[in-house]
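There are 2 protein chains.
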Amino acid sequence: MKTVPVGVSGRHIHLTQEHIEVLFGAGYQLTEFKALSQPGQFAANETVEVIGPKGSFKTVRILGPARPASQLEVSRTDAFSLGLKPPVRESGNIEDTPGVKLVGPNGEVELEQGVIVAARHIHFHTSDAEKWNIQDKAKLRVRVGGERGVVFENVIARVSPNFALDMHIDTDEANAAGVKNGDTAEIVE
Amino acid sequence: MKTVPVGVSGRHIHLTQEHIEVLFGAGYQLTEFKALSQPGQFAANETVEVIGPKGSFKTVRILGPARPASQLEVSRTDAFSLGLKPPVRESGNIEDTPGVKLVGPNGEVELEQGVIVAARHIHFHTSDAEKWNIQDKAKLRVRVGGERGVVFENVIARVSPNFALDMHIDTDEANAAGVKNGDTAEIVE
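So the sequence lines, in the order shown, correspond to chains A and B.
1 is the number of the first residue of the first sequence in my numbering; add one for each residue after it.
1 is the number of the first residue of the second sequence in my numbering; add one for each residue after it.
Computed spacing ranges between beta-carbons, pair by pair:
1) A/Val103 with B/Lys54: 22 to 32 Å
2) A/Gln29 with B/Pro5: 46 to 56 Å
3) A/Ala69 with B/Glu95: 48 to 58 Å
4) B/Lys180 with A/Ala69: 28 to 38 Å
Hints were generated in silico from the structure; no laboratory data involved.
Computed from a predicted structure; not experimentally measured.
Think of the CB as a built atom: it goes at the ideal place given N, C-alpha and C, for glycine as much as any other residue.
Kindly generate the complete structure, drawing on both the sequences and the hints.
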């Protein structure tokens, strides 16, 4: 049985060092609140306000470290609240996505693009992928059982020696399937 | 192929005539805004404010006609916003569910119970159910395709000569599967 732990991603943002400095001040460095499941990744103590054409979120958690491009990841429910129509995308693929306004304690950033609904995916360490014969970029079917049991299709496999085994879904997906952080799912094909 | 139209239910409330009169005034009758897919059911022009321990919704649509028991149906996402932990239930099964406060233009109602997350279900006219050999109360697996393709398990069949064929899911489920009102799903077993 190919069992994977489930991690539920709430809305969050990745920022470039340049945007971090506009929002928080010259030379500012994110500080770690909590380590995440993927090695080296962390939830920062810092949050930012995100303002869309229809609504806003006061405190959106920043995930570190800084990245080459800023990217806001929201659920479809969040997107309706903001008044945006972001596509479902893999992290890092932000061409032709909507922008949004960010407000920090030191300044504001008008993101030109970078708002996505994250495509559900599983991080595999290379050794897990080899053991289960799963290729990078493969699209998997993954089942979560229980009262609101669901089979998720098109779950993208991402394989790297830098990854730890974890399935990432957003809050809409978690709520629809009745799962929470630390529950498990089964790859069915 | 057993194809059914999908109807996405946003948060809404059913009220007793007694509660309608407390909220809107003695002798008040709901007025129809729009007919729903099930014969005789309608979205009312009237809305009510719903106040939970953590948050509130200013304008929750009332669905008519009046019912024998008042019942608020929310998504899991909504439930977190309100600060409630309602169970997943079939409509009408409200024993041991949380209550909530309702505020209308004429008065307030402290519901003792009645908040649920609606269990996904399909309404079948008796003739559809016979044609497809589906029993009332059966639990079905139903697939929605596309980029966020999902197979929903435990979809409850509800069969009646008073029903019109329609699958009802909530906004979390619709967002997780990337479907909207009027899309179709397929019963796979």
